[in-house]
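A.B. asks: Starting from two chains that each stand alone, build the complex the way the hints lay out.
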Amino acid sequence: MSLKTTMHDLKMKYKGKKMAPAINAFHTFLFTPDETTHSGSHVRGADDLKRTMNTVIMALVPVLLFSVFNAGYQHFSAINGFPENFSLMEHFLTWDNAWIGIIKILPLLAVSYGVGLIVEFIFAVIKGHEVEEGYLVTGILVPLIVPIDTPLWMLAVAVVFGVVIGKEVFGGTGMNILNPALTIRAFLFFAYPTWMSGDKVWVHEARERSEAILAGATNVDAISGETILGYLAQNNEAAMAAKYSLSDMFFGFIPGSVGETPTFLILLGGLFLIFSKIASWRIMLSAVLGSLVMGLMFNQVVEMGWVTETSKFYGLMNFDFWKHLIVGGLAFGIVYMATDPVTGAQTNRGKWFYGFFIGFLSVMIRVFNPAYPEGVFLAILLMNVFAPTIDHYVVRGNVNKRLKRLKNAVVIPKDSDSAAKELKAETV
Amino acid sequence: MALLTKKDANLILDPLTDNNPITIQVLGICSALAITAELEASIVMAISVIFVMGLGNVVISLMRDIIPSKIRIIVQLIVVATLVIIVDQVLKAYAYELSKTLGAFIGLIITNCIIMGRFEAFALANGPWKSFLDGIGNALGYGIILIIVGFFRELLGSGTLLGYPVLGDPIMKTGLYATGYENNGFMIIPPAALIVVGILIWVQRSRNPALIEEN
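Taken in sequence, the protein lines are chains A and B.
Per my numbering, the first sequence starts with residue 1, numbered consecutively.
Per my numbering, the second sequence starts with residue 1, numbered consecutively.
If you are wondering where the hints come from, they were derived from the structure by calculation, not from laboratory data.
Incorrect hints may have been included.
What the hints assert, rightly or not - Pairwise CB distance ranges (calculated): (1) B/I171 with A/I122: 54 to 64 Å; (2) A/N299 with B/P209: 52 to 62 Å; (3) B/I171 with A/I102: 30 to 40 Å; (4) A/P388 with B/A210: 38 to 48 Å; (5) A/R349 with B/I71: 44 to 54 Å; (6) B/V166 with A/T194: 14 to 24 Å; (7) A/F29 with B/G180: 48 to 58 Å; (8) B/Y164 with A/F29: 42 to 52 Å; (9) A/K323 with B/G175: 43 to 53 Å; (10) B/I189 with A/A156: 13 to 23 Å; (11) A/L267 with B/V166: 28 to 38 Å.
To be verified - Partner residues are not named here, just some residues of chain A that face chain B (Cβ under 10 Å, in silico): (12) F29; (13) F31; (14) W153; (15) L155; (16) V157; (17) V160; (18) F161; (19) V164; (20) A186; (21) L188; (22) F189; (23) T194; (24) F272; (25) F275.
Said to hold, decoys possible - Every beta carbon over 10 Å from chain B, so not counted as near; a handful from chain A, in silico: (26) G40; (27) V43; (28) G81; (29) P151; (30) F190.
Note that beta-carbon positions come from the ideal geometry of N, C-alpha and C, so glycine has one too.
Here chain B stands alone, though its shape is the one from the complex (with noise of 0.2 Å):
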């Protein structure tokens, strides 16, 4: 453990399984059920909040002592904007057709409620390192759960995974359409990837019940 103490290795852990944001904490909902159709916007969305989320925390950390309490979710506001934008204008220029895919969504991750969240929860209290490994520990659990989701729902609503072709042609009814299998077109619809998340939750908390909350 020459690079990460076990302390820090935990804030990147954690929020992949126990601390997960979507499946525990339940937030970046929105951006889940809209993007994830695809695997593809899934995997960029992930990336580009791991991003925003890892640069972000760095940033405010670094700030910390500076910020007056009073405007501070101003600040956090400007310092996202101008993250989202960097990966909104990157996007645009060398993936255009995915960015115009993503549409408003891309944008709307300064809304993302992980990414205030972590601001406030642990980015003003922390130092730079450990605001960024925390940063980028819960963009992974959030990229984790996009990826999983928009996985099935790819695979399952449109049989292809990446925009390949892997359960074969649905027209020339090739490989397992050949069989009689049909895309199933309930996948590609939001409500879907709720179903999916839910499911995702569902095991996640039957394998481990020390997660189920008292209500």
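Next up, chain A with everything else stripped away, as it sits in the complex (with noise of 0.2 Å):
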């Protein structure tokens, strides 16, 4: 017996039972439903909610393989030092790289899945729909917004808590205010920040190494894994250029998240999304302006002279505008957290205002809250939350132009003509 008829069985079996969300869900994940329309002609899109899923989960396989070798490279690069004459080939897609990478992001990525696979199967069960597409790109999203450090358990928790509170409690997939990977970073950001903020979680094993020297180790080299963000945070751009150069930045040889530094490689995914027309070009263009626009005015006033060296913000404020784009999670938010078409603003007026205030906002929180330096996903969680405010009043402005539009409107009889120009004169 094929899988095709076990599973053909199974989902006659458990029709209109308890179980059959779950059935069904297995059924359609891997075999196309064999249901067709019964009645009239019907024009259908090919681009169902699965369709826009699976794009997005492409465009953002580049920089899960990369953050696979990164991982290992960061890894190695701690121990041994940065290679002087960097070889792509000999020094990062080794073996060696991968397979840290390997035993490090895998488990996460199962876990994310599976917890929230789990808790979108009860949640379908209990209510009786049938289970949604909408955790397929939650689910690789989170491994790659944390540290590689993050312990499963932890994880674990955090996926509960930003399935159920952050997307089930309004309704499931399509419902939710906020951003699901986003609320679960944020979970994990408040509840356990000493694994999710400083210098000693961006790197694998880096906080086992500072633990050993701090007990008198002596054959543990002492380099941390700081992010740059990080260095700039503690006004020490000085040792920040020494390690990593523009280069390193822009395609991701740096520490940090998992997946959050491949700024070329996000790049690329973006494009894709773009030309798929999945994502929205207003809200990345305008979240780079925004974020360009804030970077600006920052060092406009180290230029001024008004924030000088001595103060705890200098670090950020002088850091040129547009390097802020490749550091920190910023062109990853931007590319595929701000663009939720679910938790972003809906209308076309509307998307400029949101990504704008991402951009802007995530500098800002970056350079006015050390203990925050990676400020974009309170930015997006934050504007999430003002998506339908924003397009709330863009729909009001249209209405009510075209009330003021009505208001002026005149209408002209055909016969006199001189009686529609007095009404018109009346009326201007």
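C.D. replies: Here it is as structure tokens:
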């Protein structure tokens, strides 16, 4: 008996019963549903929810693969020092690097999908609706936005929280106010701050090494894995520049959350999403603009001499405005998180405001709150909350504009020219 | 039922469940968010509110025929302020540390909407015995939610209950902490209380769909 007939038999057996959604979900995941429309002719687009989700996942695969190698690269570089003459094949795309990445990132991915889908299935069975594809993207985003050594049980707790509080209480996929992946990130950040920030979490085993040094071990190298924003928050731009070049930042050979570093690949993914019309170019462009504007303002403040090197904000304020885009999670957030069609603004004009403020606030939080050197997730969550308000005012504005036009509209009688002119003169 | 008739008993029991001041009427949220990080503070707050509401309702009920309607809010405020000051002084005298933790929130019992709400809605129209029961009932309903929220927030946030380390020592890594468990810092901050109260509201309403408001 083939799998297909087994699934079909199961589906028939459970039809109308409580477990039906779970069985149906497996069936449609593995096979194309064989239901056909019985009456009339219908034009159907192929871009259903499943297609949309798969496109985003495709845009994320290069980033995921890069992060697998980067995990090992950062780990071995922290032990042996960064290689002198970096060559991609020799130092980066090696089995050793990939192995570290696989044993660290694969479990994160498995826990994220496993726990998230279990919660989705439970809610589908309780509420009696079909399992929705909403978690497919969230599940791959989550491992990419957490530090590599995040304990798996913490991730599991956070995923349960994020899916239940971030999504299911609002009614499931498509009804959520907050981006579930970012809800998970925010929960982890506030619940377990020592695992989510600082200079010891971004590189595999950095924490163990620093503990060994504290305990008196001498055979361990003391290089920690501080992120670029971390260096800047400590006004230590010189040390950062000595360690990482601009191309390192752009191509992603820097420590950070698992998948946030490769700006180049994120850019390619973003272009792919724009050309496949899955994500809004308006949001991406306006978010980039917003961050540039805020960065320029900070640069200007330094230029004017209002902030000097003694200030604790100096390091981040003096950072060239465009470089904000290639460090930290800003690019990742803009391309994959801000453009979430459910939680973002829906109107075209609203998208400009929504995106602009995401970029603007991200850089602002980065600079002004060294406790949150990465403000992107907070900025996006905040704008998620404001997206319906923005849409409301955009729609109201349009209605008001048209009402005004209606008031000024003049009905000109056809037979009498002079009467029409008179009437027009009156209203003007 | 020698002590309480069924009607009287309902005055106490209703606010505990189907007419809970916090989860159903959504009143008194501020203090529920602010002081529930520790179970002990929640319990003391609950007792204080029971005292203030029970006595306050009786006093207002006794005076209900002589309070001119125009200045009744001021009279109510004076009654509740007097009672709150008594609570505050007692706490300062016998539990100084705790009164520091609770800080302004004991004083802010005055502004607790549940108290003013019950004065207005019940004590001004009913006799002292019924008012007393109503006050105790609503304060208990309030206190129960506070204690549930405080229990979960202290257990998950600090790993203690009433200050006793029930989950082991987080620094020496004993008990549950030996397995890699860590305290959840999110539960310490006030937004967590909002979420815990939200979950309580969700659980209660899904158990009893009659409570779901139409909108």
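A.B. asks: Indicate, hint by hint, whether the structure satisfies it.
C.D. replies: So, going through the hints one by one against the coordinates:
Between B/I171 and A/I122 the beta carbons are some 36 Å apart, a value that contradicts the proposed interval 54 to 64 Å. Taking the beta carbon of each, A/N299 and B/P209 are about 57 Å apart, inside 52 to 62 Å as hinted. Distance hint for B/I171 and A/I102: a CB-CB separation of about 34 Å, consistent with the stated range 30 to 40 Å. Between A/P388 and B/A210 the beta carbon distance is about 30 Å. The supplied range of 38 to 48 Å is therefore violated.
Between A/R349 and B/I71 the Cβ separation comes to about 53 Å, which falls inside the hinted range of 44 to 54 Å. For B/V166 and A/T194, the hinted distance range of 14 to 24 Å is satisfied, since their beta carbons lie about 22 Å from each other. Hint check: A/F29 to B/G180, Cβ distance near 33 Å, so the stated range 48 to 58 Å is violated. Between B/Y164 and A/F29 the beta carbon distance is about 48 Å. The supplied range of 42 to 52 Å therefore holds.
The hinted window of 43 to 53 Å between A/K323 and B/G175 holds, with their beta carbons roughly 47 Å apart. Checking the proposed 13 to 23 Å range against B/I189 and A/A156 shows it holds: the Cβ atoms sit about 21 Å from each other. For A/L267 paired with B/V166, a C-beta distance near 51 Å fails the hint of 28 to 38 Å. Given the 10 Å rule on beta carbons, the hint for A/F29 is violated: about 28 Å separates it from the nearest Cβ of chain B.
Hint status for A/F31 relative to chain B: violated, with the closest Cβ pair at about 34 Å, above 10 Å. Against a cut-off of 10 Å between C-beta atoms, the interface hint on A/W153 holds, since the closest Cβ of chain B lies about 7 Å away. Interface hint at A/L155: violated, since its Cβ lies 13 Å from the closest Cβ of chain B, which is beyond the 10 Å cut-off. Against a cut-off of 10 Å between C-beta atoms, the interface hint on A/V157 holds, since the closest Cβ of chain B lies about 8 Å away.
For A/V160, the shortest C-beta to C-beta distance to chain B is roughly 12 Å, which exceeds 10 Å, and the interface hint is violated. At its closest, the beta carbon of A/F161 sits 9 Å from a beta carbon of chain B; the interface hint therefore holds under the 10 Å criterion. Contact between A/V164 and chain B, as hinted, is supported at the beta carbon level, the nearest pair being about 9 Å apart and thus within 10 Å. Proximity of A/A186 to chain B holds as hinted, the smallest CB-CB distance being about 9 Å (cut-off 10 Å).
The criterion of a C-beta within 10 Å of any C-beta in chain B is met by A/L188, whose closest approach is roughly 9 Å, and the hint holds. For the restraint placing A/F189 at the interface with chain B, the shortest Cβ-Cβ distance is roughly 9 Å, inside the 10 Å limit, so the hint holds. Contact between A/T194 and chain B, as hinted, is supported at the beta carbon level, the nearest pair being about 8 Å apart and thus within 10 Å. Interface hint status for A/F272: violated, as the beta-carbon distance to the closest one in chain B is roughly 35 Å, over 10 Å.
A least Cβ separation of about 39 Å between A/F275 and chain B goes past the 10 Å threshold, and the interface hint is therefore violated. At roughly 36 Å, the least C-beta separation between A/G40 and chain B is larger than 10 Å, which holds for a residue marked as non-interface. With a closest Cβ-Cβ approach of about 36 Å to chain B, A/V43 is found to remain outside the 10 Å limit, as its non-interface label requires. Annotated as non-interface, A/G81 keeps its C-beta farther than 10 Å from every C-beta of chain B; the closest such distance is 31 Å.
For A/P151, the requirement that its beta carbon stay farther than 10 Å from each beta carbon of chain B is not met, with the minimum near 6 Å. The Cβ of A/F190 does not lie farther than 10 Å from every Cβ of chain B; its closest approach is about 4 Å, which violates its non-interface assignment.
The structure fails hints 1, 4, 7, 11, 12, 13, 15, 17, 24, 25, 29 and 30 (numbered hints given earlier, in ascending order).
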